[in-house]
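Residue strings, one per chain:
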Amino acid sequence: MIVRTAAIGVIQSALAAVEAERQLINDLNVYPVPDGDTGTNLALTVRAVVEELEQSDVSDIPSVAAAVTKGSLMGARGNSGVILSQIVRGICDVWGQADSLDTAVFKHAVTEGQAAAYRAVKTPVEGTMLTVIREMATAAQAVPDDFGLEHLLAAIEEAGRIAVENTTAQLPALQKAGVVDAGGYGLLVLFRGLADGIEDLMHGGKVVAGARLAARVVAQAAAGAVGGRRARPARAVTVHEPSELSEHRYCTSFLITGDGIDREALEAFLLPIGDSALVVGDARTVKVHVHVNDPGGVLTEAIKHGSVGDVEINDMHAQTRDRDERLSAGPEVGEGGAVVVAVVAGAGNQQLFRDLGCHAIVDGGQSMNPSAAQLLAAVESLGVEEVVILPNNGNVILTAEQAAGMSSLHVAVVPSRSIPSGLAAMIAFEPEHDAVGNARIMQDAIVDVRYAEVTHAVRDSELDGLEVKKGQAMAIVDGRLVAAADALEEAFAGMLEEFNRGDAEYVTVLTALNGSGTTREELQDLAARVAPDAEISFHEGGQPLYPILASAE
Amino acid sequence: MAQSDLRVPFAGPGLSGGVTVSLQVIAKLAGRAAKATYGVVAMQEPPIRKLARFFRGSLSEGVELEVGDGRVDIGIHVVMERGVNIAQVTANLREQVRYQVERVGGVPVGEINVRVEDLKD
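Protein chains in written order, with numbering that gives the first Met the number 0: chain Y, 0 to 552; chain E, 0 to 120.
Treat the hints as calculated values from the structure; they're not laboratory data. Built from N, CA and C at the ideal position, the CB exists for glycine as well. Accuracy of the hints is not assured; some may be wrong.
Short, incomplete list of chain E residues facing chain Y, as computed with Cβ under 10 Å [as the list claims (entries may be wrong)]:
{"id": "1", "residue": "R31"}
{"id": "2", "residue": "Y37"}
{"id": "3", "residue": "V40"}
{"id": "4", "residue": "M79"}
{"id": "5", "residue": "R81"}
{"id": "6", "residue": "Q99"}
{"id": "7", "residue": "P107"}
{"id": "8", "residue": "V108"}
So here's chain E without its partners, still in its complex pose (with noise of 0.2 Å):
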């Protein structure tokens, strides 16, 4: 069963109602801003994960949602360069996400976890 969109209440006094963000949304500025995030190279997933991608309701590659408590979590799957500094790439990863989903996207997001499954030669 895929998961339900996500439900955003509007922020501030006598404002009712909110909006729905599909995870499809969220997943595609997930996906986005990972894929622009220098160092990471491509997505990837062992073949497992894009059967639990699907039920989780995202489509895009290497992205991974959770929603619960009006938050959602975000796993991401990545291959980096060889050479870089992974930490580092990786922290820039997460900021960069979460800047994308939170502040652009106005979704407010929980964990962010990253998986760096490969190194590009």
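Chain Y on its own, in the form it takes in the complex (with noise of 0.2 Å):
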């Protein structure tokens, strides 16, 4: 029973620590398909092992060993859930024949751990989780059997921290991404988690142990490493130095169109001046992808064998400061949260949705729609996962869900079709729910909202059974024009009157009345006599063309 219990606390030490940075993990996660689920597969992998161990009433060594070693294997999730599990049943192999849990032992089973590990992959690739626990493993050796444990845990932790931070060089996908292996980096957090559990047993809860704290303090002290900090940072990935640049700058590519195209020969101008070459086709058709120094060179040599089209060139280096940058500012993030990108005209209103937590403006709306790119750059802008657009207006909605589906990030459009239900939306949002259940969220908030503009008419017409003039004041409510007049305060007044007949209880309008004839005072005056039990609030909006847009619920 105790050791049933005491293997619970540790282990759940374990999926707390790797809890608190699933985001970061899942964030890290480019190699072997960069699908970002790492942290979470992990997580899911631990809380298997748990579950198995609070469901069991074994109370010896070797069936609490056994126990864990079956949540792991059936919990088993993703790549990394699934080597994990060969490391939990390597170490749980030794631990399970063992009394006790001394340095000699757990010396072995971190050894066993490794060769498990090993043992399940035809070609084991480095860069990864199993050049993590190698490096652990062989660390371990080192420590004479007579020492204390927590030198062990120190020396154990101290490798898998500098092995994660080798792993960017070890793996060209990790390289290119300018990251740590996500498995390796999870891996590194779980054993922390792991070794503070134990050292609380060991201390009777009390005391986190000297040897550890001070080779993590030194390891902090020392900078610069991703394994070196213990909070989760507010940033879902924080760079601390420009991630190192590519010996070939640009990456081109292109295709050639001709007779005989000679592959070979091209393939053999491109391997001494580059890397990544790639040239596919065939005699007629070439597809030729290089990152060289010297794109122009290339292509000289390129239209030798045919005529050149489709021509790409990126700069690799701006690319790489780019995300450098993206990930060294910007808003603050709820963990595994989302952000908010609105397209919102007039300063007013601009200050409203910043001041309820939207991250990033597109400025436009009503006669200047913004176009998908510059909302998939706004999107892509924040280097967050999570992103909710609110295109508040009926005209970009559809840009939105094109800057959507364009997006490798998970972006939720909330369909809003004006400014006031936007504000209605973002007051909805929640930051440490993801971009579905957001977008979830903020939709049914403005389900129920009514939207009105007030607006001049720019032609005569006859609208919903009404008679327009050119300049006249026009209320369109929910897109039906309720009410047209001379004064902008009595096209006001009836869309209040339109509100009221839905018995609206508070009313929010945002006001742009330079040049319009009319002020906020007489306009407060006004709803105060149309429209007594609403309560009515009033802001400053600035927004072009419409004197007046409202909401009201």
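Each of the two chains sits in its own frame; use the hints to bring them together as a complex.
What follows is the structure in structure tokens.
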């Protein structure tokens, strides 16, 4: 019973550590498939172990070790989870045959964990969790058996930290992205949690032990290491130092069409001057991709083989710098949470959105719709995985959805048709929820919101059974014309009456009255008379074209 | 008769033509991704498969390809380590093969069928 309780405590400590950095680990995930789920997979795998232990009633070491193995095997999620389950299996094989957990046993266990991990793959890839567990095991071997367990844990952690840092240089995919390996880092985080748990146990839950703490402080002082930090940073991935720039600066790709293109000759030309060279196709059409410092020279050579088209040259140094910049500045983001990009016109309105916690604002709206590319740029500038877009205009909703489709991030569009309904959505925004979760909450918040605008007619027309003359003020509620009058006040009153018919309790009015011949005070007096039962608030919105925008609930 | 190679049209407006990707390339990509998948310790297949594979144009052991409709269906025969979560390793394997062939190789993938031929102790 005591063994099981102790094991649960230690593993829960590891689980808490992984949970705390889950999003950061997810963000690091670029290999083998950049799907950003390593942290989640590791957390789920460890949680399965805790659950297995909680359900069982075993009490002796061999049975507890077997339960841990079973839990991790059954609960293994993703590539990292499967690797972890093998490491756990190796460790538990040793621990299950021991009668205690001392330095000698732990050394042996970690070594066996490493061996089990390497046994289960035909082609081990370096720069992954495998490398990190191997370095940890090697460091463990160097610690004498008569040293205290805390010294062993400190040595393993330090070796793990260094191994994690080195992964970037070992795996091209990591180097390109300028990150450390997600699984390797996750393993280090997990080990730290585990070690904390073991030490808490050794010291009756009071002291976090000296040697490891000291090692950690030294490591932090050495700075620069992703592994050196304990607290989860507010930013998803924070870059301490500029990423190393690639040796070859320009990513160059193009097509050659012609007759009897000699691919081998092309390849032979490219290999000495660049890296990542790829020449694919047949004798008539060839696609070339290469990283070089002189794209011009490559094109000159290519023209000898046929006609060249679809040329694309990207400055990878600029890309790397952009990424660094993006990651080292910007608004605070809740853990695993979303950010909001809103399309807003008018200085006052923009300030309102900012005050409500909107992270990026794209200027625009009626008659100046932003492009999908502009929205996409805003979405991607934040460096956050989960993004909600508030288009705030019926004509921008489609553009926003296009931008969402073009982005590789998790982007959700809340179909807000006006700035006031966008505000209502913004109020419902919860920073700790992801994009889809927020989209649901925010959409719910605006379903019952009525929105209105008062503007001047640009030509004579008849709409919804009402005649409007050019220059007249007209009030449009939920897309339907409800009043047309010479004076802005009259149209405004017509709008309020329409709101009254729907028993509006709260009305928000965003004004832009410059040159409209009326003042906010006049409108406030009018509103008090026309809609005495509603609570009406006024803000200076500053939007173009619409002297009045309003919403009602 | 070996199957013909897969012709992938260029994506994007105004681009005519396409790249013909040899099945050998696809088989290599798939085989390499499979072998690097954690939990897979070997590629294996019954002898009769070797012949079928030859006719289907794949020289990568344990990888079968079937081209049709502009896509390639991939069959993979592997040996896994005993004690791994087979369902999860299979899921990882499919994901990694699809990623390598589709995203890195640029070849649309239809089905990926994994057959676990044996477990290694």
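Status of each hint after checking the structure:
| no. | hint | result |
| --- | --- | --- |
| 1 | R31 | holds (8 Å) |
| 2 | Y37 | holds (5 Å) |
| 3 | V40 | holds (5 Å) |
| 4 | M79 | holds (8 Å) |
| 5 | R81 | holds (9 Å) |
| 6 | Q99 | holds (8 Å) |
| 7 | P107 | violated (15 Å) |
| 8 | V108 | violated (13 Å) |
Against the hints set out earlier in the document, violations occur for numbers 7, 8.
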